[in-house]
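> The lines below spell out each chain.
There are 2 protein chains.
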Amino acid sequence: MHSWITTFGDHCTPQGRQAVRTDCKRTNPRDTIEPVPRVSQDQLDARRHEILSAARSCFARFGYEGATVRRLEDATGLSRGAIFHHFRDKESLFLAVAEDDAAAMVETVARNGLVQVMRDLLDRAGSSDGDTAGWLGSQLEVSRRLRTDPAFARRWAERSAAIATATRERLQRQREAGVLRDDVPVEVLTQFLELAYDGMVLHLATGRPAGELGKVLDLVEAAVRRS
Amino acid sequence: MHSWITTFGDHCTPQGRQAVRTDCKRTNPRDTIEPVPRVSQDQLDARRHEILSAARSCFARFGYEGATVRRLEDATGLSRGAIFHHFRDKESLFLAVAEDDAAAMVETVARNGLVQVMRDLLDRAGSSDGDTAGWLGSQLEVSRRLRTDPAFARRWAERSAAIATATRERLQRQREAGVLRDDVPVEVLTQFLELAYDGMVLHLATGRPAGELGKVLDLVEAAVRRS
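Chains as they are written, first to last, in this note's numbering: chain L, 1 to 227; chain P, 1 to 227.
Everything labelled a hint here was simulated from the structure, so no lab data went into it.
Among the hints, erroneous ones may be present.
Claimed, not checked - One-sided excerpt, in silico: chain L residues whose CB lies under 7 Å from chain P:
#, residue
1, Ala-60
2, Gly-63
3, Asp-131
4, Thr-132
5, Arg-147
6, Val-186
7, Val-188
8, Gln-191
9, Phe-192
10, Ala-196
11, Asp-198
12, Leu-202
13, Ala-210
14, Lys-215
15, Val-216
16, Ala-223
Remember, it's a predicted structure, so these values are computed and weren't measured experimentally.
From the three backbone atoms N, C-alpha and C, an ideal C-beta is built for every residue, glycine too.
Let the hints inform the model, and build the full structure from the sequences given.
Okay, here's the thing in structure tokens:
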């Protein structure tokens, strides 16, 4: 019943927001027996993707606290009913954006390693798009909750664990291929790269200039390689 | 005139808070011509130090936003008048705690290097005192302002610059002593150590376990040394 109601809300969005149907009336859905148009999984996925992308910009621009439901409506062009049909609440929406990010990172890590993720981040932060620093900043904003809110921390940890696992597996493959230094355990090398990644996040989120970070990443990369 | 009023406020603190005199009455100080007891510079410095120490715990426990003026009064045992006699506002108080921290860091860096600062941080975070992660977390909380509030960013940057300079100077001395690798510019090595320090701050502030960070720091240290 819940999803039906929120789907209905999706269709009856206020003027100026993206409306799928404009001929519906604000009647209690429980009183009607008209069939609701079926939405394909592809359409749902596309909508979900649109919401995540717009929400990401909104969190980047206003921060976690500043991204109010009203601003999320404006950013996505959807009503709160439509947004929260897909995501239970703002926290779930934020975590979904972070999980989306993590999934992309896991792919890059598996293919090119965590240092490449850092290089990409540095490139994006240096380009005209101001979203990168903002989005990293909104992640710092929730750092207090990671220490004080166990449920939130658990959901965030799943995201971090996926990246750590991908990093560890790639390093293990590199060790087997003989390109990795073999005097330090893979686990230590994994945590070394994660430390550098965290440092990059804090550096860029606080709006500091890139400085020599490109060369610093060369040094990070060399430190895990067989010399 | 301003300082006189706030000194007066200091003496007439509510019951239960630390009161220097208890016989004064809440009259408008502008109407009185009684002499104010003179406070020596040593006493002012001691009071300033007490406030900073209590404020640090308060920021650590409640975060920057959560450390309200009321909570700062409770933590310091002083009235807001007394606190803001020494520090213009909450922002100045926060920056003063950070500057105090930075001054201690600069000393350790000059003597033992930035890696030692990280080792000390790791030790303190691992001990029973919960202040370390909290205080680092409150620094992350203001990260958004570092990107969006130029005046705040400027004051913070002075603090960071002092640490960077101390790091650079120590590395330069190590290079001259022949213990530092000589194939990478000192500036890149400085920023490499700062990246690791930032990573440590983010790691500890989010309450993650220390894991292999001790060994990771060995790796960081080895990466700047002549092999």
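> The structure should be examined with respect to each hint, and the outcome stated for every one.
Hint check results:
1. Ala-60: Violated: closest Cβ of chain P sits about 11 Å from L/Ala-60, beyond 7 Å.
2. Gly-63: holds (5 Å)
3. Asp-131: This interface hint is violated because 12 Å lies over the 7 Å limit.
4. Thr-132: violated (11 Å)
5. Arg-147: holds (4 Å)
6. Val-186: violated (10 Å)
7. Val-188: Holds: closest Cβ of chain P sits about 5 Å from L/Val-188, inside 7 Å.
8. Gln-191: L/Gln-191 check passes; min Cβ-Cβ to chain P is 5 Å, inside 7 Å.
9. Phe-192: Since chain P brings a Cβ to about 5 Å from L/Phe-192, closer than 7 Å, the hint holds.
10. Ala-196: holds (6 Å)
11. Asp-198: For L/Asp-198, the interface hint holds, since the closest Cβ of chain P sits about 4 Å away, which is under 7 Å.
12. Leu-202: At 4 Å from the nearest chain P Cβ, L/Leu-202 passes the 7 Å test, so the hint holds.
13. Ala-210: violated (10 Å)
14. Lys-215: At 5 Å from the nearest chain P Cβ, L/Lys-215 passes the 7 Å test, so the hint holds.
15. Val-216: holds (5 Å)
16. Ala-223: Holds - the Cβ of L/Ala-223 comes within 7 Å of chain P, reaching about 4 Å at its closest.
In terms of the numbered hints stated before, the structure departs from hints 1, 3, 4, 6, 13, listed from lowest to highest.
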